[in-house]
Amino acid sequence: MSSLRVGWLFLRMGVINELQYRVNFFVQLLQSLIQVGTALVMLELVYSHTNALNGWTQPELLSLIGVQVLLGGFIHTFIQPNMQQLMQDVQQGTLDYALTKPEDAQLLISVRMVRIWQVVEIVSGVILLFVGLAGVENSIGVGDAIAFGIALLIGGVLVYCFWLVMTTGAFWVVRMENVLELFEGIYQTGRWPVTVYPGWLRYSVTFLVPIGFAVTVPAEALTSRLQWPTLVFALGFGCAAFAFTRWFWHFGLRHYSGASA
Amino acid sequence: MPDPVVHVAELTKIYKVPEREAGLRAAAKALFKRQTRDVRAVEAISFDIGPGEIVGFLGPNGAGKTTTLKMLAGLLYPTSGEARVLGHIPSKREREYLRRMTMVMGNRNQLQWDIPALDSFELNRAIYRLQRDDYLAMRDELVELLDVGDLVRKPVRNLSLGERMKVEIVGALLHRPQVLFLDEPTIGLDVTMQKRIRTFIDEYNRRHGATVLLTSHYMADVEALCKRVIVIHHGRILFDGALAALADEFAAYKTIGVVLENGGAPLDAYGEVVLNEGDRVSIRVPKAETSRVAARLLAEHEVLDLTIEEPPIEDVIESVFAQPAAQ
Numbered sequence: 001m002s003s004l005r006v007g008w009l010f011l012r013m014g015v016i017n018e019l020q021y022r023v024n025f026f027v028q029l030l031q032s033l034i035q036v037g038t039a040l041v042m043l044e045l046v047y048s049h050t051n052a053l054n055g056w057t058q059p060e061l062l063s064l065i066g067v068q069v070l071l072g073g074f075i076h077t078f079i080q081p082n083m084q085q086l087m088q089d090v091q092q093g094t095l096d097y098a099l100t101k102p103e104d105a106q107l108l109i110s111v112r113m114v115r116i117w118q119v120v121e122i123v124s125g126v127i128l129l130f131v132g133l134a135g136v137e138n139s140i141g142v143g144d145a146i147a148f149g150i151a152l153l154i155g156g157v158l159v160y161c162f163w164l165v166m167t168t169g170a171f172w173v174v175r176m177e178n179v180l181e182l183f184e185g186i187y188q189t190g191r192w193p194v195t196v197y198p199g200w201l202r203y204s205v206t207f208l209v210p211i212g213f214a215v216t217v218p219a220e221a222l223t224s225r226l227q228w229p230t231l232v233f234a235l236g237f238g239c240a241a242f243a244f245t246r247w248f249w250h251f252g253l254r255h256y257s258g259a260s261a
Numbered sequence: 001m002p003d004p005v006v007h008v009a010e011l012t013k014i015y016k017v018p019e020r021e022a023g024l025r026a027a028a029k030a031l032f033k034r035q036t037r038d039v040r041a042v043e044a045i046s047f048d049i050g051p052g053e054i055v056g057f058l059g060p061n062g063a064g065k066t067t068t069l070k071m072l073a074g075l076l077y078p079t080s081g082e083a084r085v086l087g088h089i090p091s092k093r094e095r096e097y098l099r100r101m102t103m104v105m106g107n108r109n110q111l112q113w114d115i116p117a118l119d120s121f122e123l124n125r126a127i128y129r130l131q132r133d134d135y136l137a138m139r140d141e142l143v144e145l146l147d148v149g150d151l152v153r154k155p156v157r158n159l160s161l162g163e164r165m166k167v168e169i170v171g172a173l174l175h176r177p178q179v180l181f182l183d184e185p186t187i188g189l190d191v192t193m194q195k196r197i198r199t200f201i202d203e204y205n206r207r208h209g210a211t212v213l214l215t216s217h218y219m220a221d222v223e224a225l226c227k228r229v230i231v232i233h234h235g236r237i238l239f240d241g242a243l244a245a246l247a248d249e250f251a252a253y254k255t256i257g258v259v260l261e262n263g264g265a266p267l268d269a270y271g272e273v274v275l276n277e278g279d280r281v282s283i284r285v286p287k288a289e290t291s292r293v294a295a296r297l298l299a300e301h302e303v304l305d306l307t308i309e310e311p312p313i314e315d316v317i318e319s320v321f322a323q324p325a326a327q
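Read top to bottom, the protein sequences are chains A and X. Quick note: the first sequence uses this note's numbering, first residue 1, plus one each step. Quick note: the second sequence uses this note's numbering, first residue 1, plus one each step.
Treat the hints with care, as some may be off.
According to the in silico footprint, chain A covers these stretches of chain X (three or more CB under 8 Å from chain A) [to be verified]:
#1 70 to 76
#2 101 to 107
#3 127 to 137
These are calculated hints, taken from the structure and not from any lab test. Source: prediction; values computed, not measured. Positions of the beta carbon are idealized from the N, C-alpha and C atoms, including for glycine.
Can you make the complete structure from the sequences, with help from the hints?
Right, dumping it as structure tokens:
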């Protein structure tokens, strides 16, 4: 409970910090508009040639893109700034202060930063999602909605785990930025359902970089494609990934040497 | 003797650092095969610190002071040996331990840069689970002791270095820690501010009975605060004892000051004359010969006054640091 309070206070402070930089809001707005615009143009282009892509209609795919943008916004708002800060702290040895606090260090390093203006991206994701869903023929049941919520949560956890494991690598390999930039590139594959990709790529973006789980599975839930066993499997995978991440983080901490001795 | 607050036995830290020749070729080679070298930052050091002691930790840059402090604060895993603080093993980073200690590093800040310190204090209050009344009482006490006043309401980035340090210290002590690890708390501060911080540490130690382990390059800090010093050099302990005894052990010379009745007599034969002002003369003599030279002076001249002085502590430390690494 108290840990939640710590998380909340950090969030609040991050927001206060960021509100000072209003220009970021407009920059972010523009960026989101461009992002959404290009996605829509691409979608139009593809569906001017076909009615369904691997069984996905245009409105369904629009919802999927909505999920992808939404989750991307979540990453940019909460995950990425914290991981970048962590990387910097490991490089410069400034992680010390987080480690001398009587609070779970993983929690502290995960909630310290928030780029509140990136919320614009989350909002545009939600809009795309609703516009897409409005065009979908089958109605969405309560079960679908719940499954969507669970799947999205698992997706968020998986992406967080992926980032933290990668960033923890900074304890050994001091410069990890490039690896994380690679993620941005790979994340764009999430704009299409993972099922359109050939086998090896499908497995990579499902298990190695968990974009398949994070984007496709929630979108499947909304479009009544999701099989319950998949959701259960995703849940198990999410828990396992979280446990592994926690272990790996502690393992990495042992190798922290605090840049300046 | 009461149980020591800090107990260190045979504590060792070895860093593995990558090493390669300069140049492109070596850099390319290092891509595939990393050569590492062991750096023995701290080597089998042992000491105990009792409750309420203020101990100065002295040594040149790279001696192993910060590494030791960081091991005691639970930031670094020792390679071998034992460290215990307040009965806890620091590297386990148990909350009960972390709640009772603090670490202040003069060259780093933990307060959020863009917002007033008060907001950062609130965060610490949540992290340390402090009751509102306790927190407010302690905050006000510290604010008063350090004469911080309204500085806590300004964004930290608008504070001067000295002001920031004071505010940092308030933030680091809100939870009434019983053990303080202070790494160069006065670095870069002007003399007045150094004095202020020094007085504060002394006062905090007295009021709360806290144990303090302090590193500083300013001997004035050490002289004012620490009865006991531990000198560390090349990762090993060279000296552990009273500050006054340090000079006895390491000073190579003493200074004999004499006031002569008839004045002006040449005293070069007794030692190196460092001051000659009429009838007042200071002579530097090797430590071992001090009493012999003093006796000769008394026997051979009309001496009105004679003093024997230890060299300034800076000079003593310098001669300690000049020692080569023990093999």
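Hint-by-hint comparison with the structure:
no. : hint       : result
1   : 70 to 76   : holds (count 5)
2   : 101 to 107 : holds (count 4)
3   : 127 to 137 : holds (count 3)
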